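Protein chains: 2
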Amino acid sequence: MTTTETIESRRSIKHFDPTHEMPEADLAELIRLTKLAPSSFNMQNYRLVVIRNKARQKEIRAAAWDQAHVEEASALFIMCADLTSHLADPAVYWGHAPQPVQDILGPMVKPFYEGKDRLIRDEGIRSSALAGMTLMLAAHGMGYDSCPMIGFDADAVAKIINLPSDHLISFMIPVGKQTQPAWDRGLRLPDEKVVIHEQFPA
Amino acid sequence: MTTTETIESRRSIKHFDPTHEMPEADLAELIRLTKLAPSSFNMQNYRLVVIRNKARQKEIRAAAWDQAHVEEASALFIMCADLTSHLADPAVYWGHAPQPVQDILGPMVKPFYEGKDRLIRDEGIRSSALAGMTLMLAAHGMGYDSCPMIGFDADAVAKIINLPSDHLISFMIPVGKQTQPAWDRGLRLPDEKVVIHEQFPA
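Sequence lines, in order, name chains A and B.
Mapping of the first sequence onto my numbering: residues 1 to 202, in sequence order.
Mapping of the second sequence onto my numbering: residues 1 to 202, in sequence order.
The reader is advised that the hints may include incorrect statements.
Unchecked claim - 30 Å max Cα-Cα, derived BS3-like pairs, lysine-lysine: (1) 110(A) <-> 58(B); (2) 159(A) <-> 159(B); (3) 177(B) <-> 159(B); (4) 110(A) <-> 110(B); (5) 193(B) <-> 58(B).
By construction, these hints were calculated from the structure, which means they are not laboratory data.
Keep in mind the model is a prediction, meaning the values are calculated, not measured.
Using the sequences and the hints, build the whole thing.
This is how it looks when you write it as structure tokens:
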């Protein structure tokens, strides 16, 4: 499938084959592609919690308004972010770059974020969404379907996955083999509503 | 290009041909594909400010640490969000669905968000990032390149684009025709750091 076809045919799917097990090679490929998503300063501050234990999926389903696809998914991805990523040694992110680039960019990371709690949170949400969209398109290109979800009790899910206090949960993505087609695609707002040319009206 | 090839070969590009003008048909196709990104309750709360006026791009470049690709891009997308999307008549988002679905989901939208400022902001950041990642992959599939950016003075850019007070700027994406190759791809953190199986360690 071309990228255009993948974007066109990806839909939010809510019914998966509960007996399907994702082969390890597919999971590894999906993770490899997801990790190619861009991130601010290459911090890769997203964290992917991968859940394939059915008992745990059932527990999370109960914390997600009993939505069946949480349990039926071949793999449930909880898209999280590490809010301390900007504090790591920048060489971890920039060790590949020429020394002059490292010398300029490395020292910028920590001051760019430090003490700016809203920016740090925004970056966790943004980065996990860039990774998550990559994951959903990669999965669809590989013959899987998915459904981004925010309808769940984040505190309850945080407990189930032992979320560290310096991490956040952004959203979750059940991935699996579709058993029922999607609903009709949602109405799209007209371009006049969504696209603004040059400036918002004064 | 397949989706896998597009994800693998998309890179953050910082040098564009400043004389290239994006044909209207390409812009329309890029917007069409971007609008296929998923959003919570199908609210489509992202807003795309498309800037192709070179004088305005130059102004925004000055507010973005003088980064040349802001001005050289064929089209500069400021990825914004409308923080009041949950207040609209839900029929705008759900008019396509069977009446029983509309009757259940429609009334859920407003109470899900109302009064929850952090959730509303998170949703604007998340939704604009899902749309932005779709845009970057769609653009690359169409023969363009891009570079997600948060390194700019958001207040200054808000003034330039007349951003309404109930909207936010999430990030920006210059899109254009590449003139210089990307740097070596950034180091990727090992799976052990980014992928957590089942639960974080207790």
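Mind checking the alpha carbons of residue 177(B) and residue 159(B) for me, to see if they're no more than 30 Å apart?
Judged against 30 Å, a Cα distance of about 28 Å means the pair holds.
Could you grab the alpha-carbon distance between residue 159(A) and residue 159(B) and see if it respects the 30 Å cut-off?
violated (42 Å)
Residue 193(B) and residue 58(B) were given as a pair; does the straight-line alpha-carbon distance stay at or below 30 Å?
violated (40 Å)
Pair hint residue 110(A) and residue 110(B), alpha-carbon separation not exceeding 30 Å:
violated (38 Å)
Pair hint residue 110(A) and residue 58(B), alpha-carbon separation not exceeding 30 Å
holds (28 Å)
The earlier numbered hints that this structure contradicts are 2, 4 and 5.
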